[in-house]
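Could you build the full structure based on these sequences and the hints that come with them?
Residue numbers (the working numbering), protein chains in the order written: chain A, 4 to 286; chain B, 789 to 1022; chain C, 12 to 270; chain D, 366 to 691.
By construction, these hints were calculated from the structure, which means they are not laboratory data. For each residue, glycine too, the CB sits at the ideal point set by N, CA and C. Don't take each hint at face value.
Here are some chain B residues pointing at chain C (derived, C-beta under 10 angstroms) [as the list claims (entries may be wrong)]:
hint: 1; residue: Tyr-801
hint: 2; residue: Asp-805
hint: 3; residue: Gly-925
hint: 4; residue: Gln-980
hint: 5; residue: Met-997
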Amino acid sequence: MAQLILYGLIYGGIISLGAIGLTLIARILRFSHFAHGDMMALGAYLALLFRVTLGLPMWAAAIIAVVSTAVAAIAIDRLFYKPLRRTGPTILLIASVGVALVLRHVIQFFWGAAPQVYQRGVERPWIVWGLRIRPVQAWILVMAVLLVVGVWLFLQKTKTGKAMRAMADNMDLAAVSGIDTERMIVWTWVLGASLAAAAGIMLGLDTQLRPAMGWLMLLPLFAAAILGGLGNPYGAIAGGMIIALAQELSTLVFNTAYKPAVSFVLMVLLLLLRPQGLFGGKA
Amino acid sequence: MALLEVSGLRAGYAEVDILHGVQLTVQAGEIVCVVGPNGAGKSTLMKAIFGLVPVRAGRIVFQGEDITGLGPAQIVRRGMCYVPQNNNVFPSLTVEENLEMGAFIHPGDFRQKMEEMFELFPILKERRRQKAGNMSGGQQQMVAMARALMLDPKLLLLDEPTAGLSPKFAELVLEKVVEINQRGVSVLMIEQNARAGLAISHRGYVLTMGRNRLDDTGHNLMANEEVGRLFLGG
Amino acid sequence: MTAALILEVHNLVKEFGGIRAVDDCSFSVREGSITGLIGPNGAGKTTAFNMVTGFIRPDRGEIRFRGERIDRLPPHVIFRKGIARTFQIPRELRLMTVLENLMLVPMNQGGEGLWRSWFAPGRVREEEERIYRRAIEVLEFVQLIHLKDELAANLSVGQKKLLELARVLMADPQLILLDEPAAGVNPTLMNKLAGYVRSLRDQGKTFLLVEHNMDLVADVCDWVIVMNNGRRLVEGKPEEVRRHPEVLEAYLGGAYAAS
Amino acid sequence: MEWGGVVGYGLFLLIYGGIYAISALGLNVQWGYTGLFNIGVGGFFLVGAYTSAIMTKGPDFSHLGGFGQPFIVGVLAGGVLAALLALLIGIPTLRLRGDYLAIATIGIAETLRLIVTNEQWLTAGVWGIGGIPKPLFSTFGSAYNAFYAVLVLAAMVLVYFAIERGIRSPWGRVLKAIREDEAVAQAVGKDVFRFKLQALVLGAFFMGVAGALFAHFVGYISPEAFEPMNATFLVWVMLIVGGSGNSKGAILGAFIVWVIWSGTEFVAAALPPALGPRAHALRIVLIGLLLMVMLLVRPQGVLGEERQVSKLLRQESGSRQASAGG
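Structure representation (structure tokens):
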């Protein structure tokens, strides 16, 4: 049980990082970004490229991959989303499904469909207070906490972070206050894509990389964002934790294979009972 | 030279003109109040000046520079700030953060300016860490005005600052407008409560159906019986 | 003025985030009248309007239509009872033709059932022909007949306003709520609208209109209700109301002891 | 390529194009006419395929079965089960914002894939269900594909007319009104939720039927066949390319995109075998780009939307095309 909660926290950190971006994009760009999971995968594979192909140490590969993913996100926005921004959220949604498709198969084209890992060999888990944790998982946990705290500090303390929250609150007023909204949109992509890439790398470290990994994360990501009230970054973090814990604990009762379905069921229940999300959020 | 000079302004939404050639001036140091019945185009006038509604004809000159057709981001940089009637604060941001957003385009330190605002609106200092969304309507209005003043504008545009406020708060807000003006900021405002608005204004304009109908000093307009008739037609 | 009351609103309350948009408001509309609902901005007219048509649910109070309670009913049910509304900013069905915009409206169309449209096309066709003729009549009445096959998106704003009215007429409602019919409309069209409203009243329809243009109100309304701060302030004939000191006060406000 | 090859390919094209066209017609009812966002098309397709396979097979101990029902019963059952599933998703989500339906449909599609992969007793899991009966196989023998092509096209035509009849009646007019402006539809007395539910369910029914037709043609199904790419995105691309809001467009799009999709397979086959799996990925990238380019350049699709909806009005003034994007 405690072991499952530990795994839940690790996985929850990964989901939260993805869901923060999703929720900010939903609020600031006003569409549900269905390619977000695949941005995670892109980040993970770019890290693989820098790690294996160029032989960089993992930390360096990860940093370069995060930056490259952010750049790719901005490019995708300019190329596909920006020209469609005036046509309304549903067309953007379809477009993001198309982008998801393209990203996933570009990955498959370059790296193939077979699962890959950053590092071969089996790690011997540490035993801490009777709980098993692999060193890499400990790293993930620490990094996830640091990143969540980092995002919190960024949104809470920096001018850009505050402006981003201001945009999410009231776009028109932000424009009237002289906030450059196009620039903030770029920042939103930078933040969302970097966090997604980081989450993807962590997921790859914890398990393995597969081209479909992003697609499979999409449901937990959306479930977390919706649980958090779609638009509230702090809600998304809490939502991610709840989803991950529920998925891990569900294995006590159900077949492990059904973990992904748990997030779906939770989401549908929430939509039935409290469509505005668990943590307020405006209707 | 007038601070703001609007002439022959035609503007509106989609294909409908709401304003059919409005002219208006604000001299430096003035409070100017625009009154008129609902649907006269007061809000549209303000939004057109601030670049939020497309201008189809006419000119807007601010500090001697033609600003017709500029967007709000450029106009803000030229020293004009605007407080919309509704949704004029960032509800999930604290009071301090709201003010910081007001000064967003200022590269430098905003602390001193913020202290000035706290001096002008002491209540905001007490509640500096409170989320703006949890404040009363009157307090939100003060947050909104303070946010707009953070940039040290030459001209402040206020769209119905007392709308929806209790008489006590409305009076307080108008007192603050006078105080702001005494600190050297010119004010152009729309006021639903025409008498109260005109009472604190140097000059006023009466607008009906997108056209100028009367202009005079605030006190003369207050006393003018025709104003009432214009409000209720006929 | 002995006509029956078609609409009665009793002690209606609606709060939005702590602000009372409508505050214990009561008024009624007599059958066969053209009643104006006026008041300064923020008086609560539109909110009241939205509650009568079911788009907003009141917090408290009752609304009765011909004596029957209709608060708590969803908009489509209220419509079927005989209350139709227009929108202040025309909401045309953009990619549908003018004719389709109208043919959509009539209630209880058998052809709206999928089974019937599959298995009883003959009956649906007859019904369609009837609705079509009705639509043509209405389009002729509002003089939009020449545009019947045009996409609604391509109409001018004035034509869209007429389309709003025409759409409402298709349903043959007893009470018609007009939300600012004169907003954004030129004087010629305004006179035209006034003419339509009067002639429809003469055919037995009742109108309740929210309107800012006092000239239109004075021109068509035979009764005016003034709202202020979410309540009914006064009511009466247009010329009485216009001279009423409290109304003047509501519109102009009182001077505070400021400065 | 010799003649036999061309004819063989032509028959495959007709069969697969027809099956996808039925799915696309279903999606057109949901998205094209009503504006409902279903990106779980594959889920409904899967339910139709598995249901019909299980219903029609004789006893097989590797999974649930032994019902031995006739082909037509299987196909209809496939459609009905898919429709029930749509009802189940529609009720919690159709009153909410459109995105929620989209997310819920993805969720149901993925959950179904998990179920068919893991519930061996029901679907034989990853091993898949083989030996799905091919109707009248012994009667037609070597001309079987020609027969099946006729069967699929007949089904497609039937679906087309069923939808056209519904759409060109007052029922379809209400759907279109909901797509254009829900509040107006409400304001003129239409029970918006009910109509949306009907459109979702009807569309899902056709997707289920398409899935069943697919299962009986290939004779073997496994979870792999219902990857979101094949089962969902291809159908979306077909509808967008052909022109959403136009049943003819859905059919045209299905055939165009299927030709492109299968044509790229030939190209892939010509590449060295080492590149095989990569070529597959490249094909999908191409389809994705086709979708993006279409959205950017011609969002109304090849055919665009037809202007008149009602049968009666069609006689009046013919069917002109709606102007681009309105």
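These are the hints, each one checked on the structure:
1. The beta carbon of Tyr-801 (chain B) is positioned within 10 angstroms of a beta carbon in chain C (closest approach about 8 angstroms), and the interface hint is therefore held.
2. With a least beta-carbon distance of about 9 angstroms to chain C, the hint placing Asp-805 (chain B) at the interface is held under the 10 angstroms criterion.
3. A distance limit of 10 angstroms between C-beta atoms decides the matter here; for Gly-925 (chain B) the minimum to chain C is near 7 angstroms, and the interface restraint holds.
4. With a least beta-carbon distance of about 6 angstroms to chain C, the hint placing Gln-980 (chain B) at the interface is held under the 10 angstroms criterion.
5. Annotation: Met-997 (chain B) was flagged as interfacial toward chain C, and the flag holds, the nearest CB pair being 8 angstroms apart, inside 10 angstroms.
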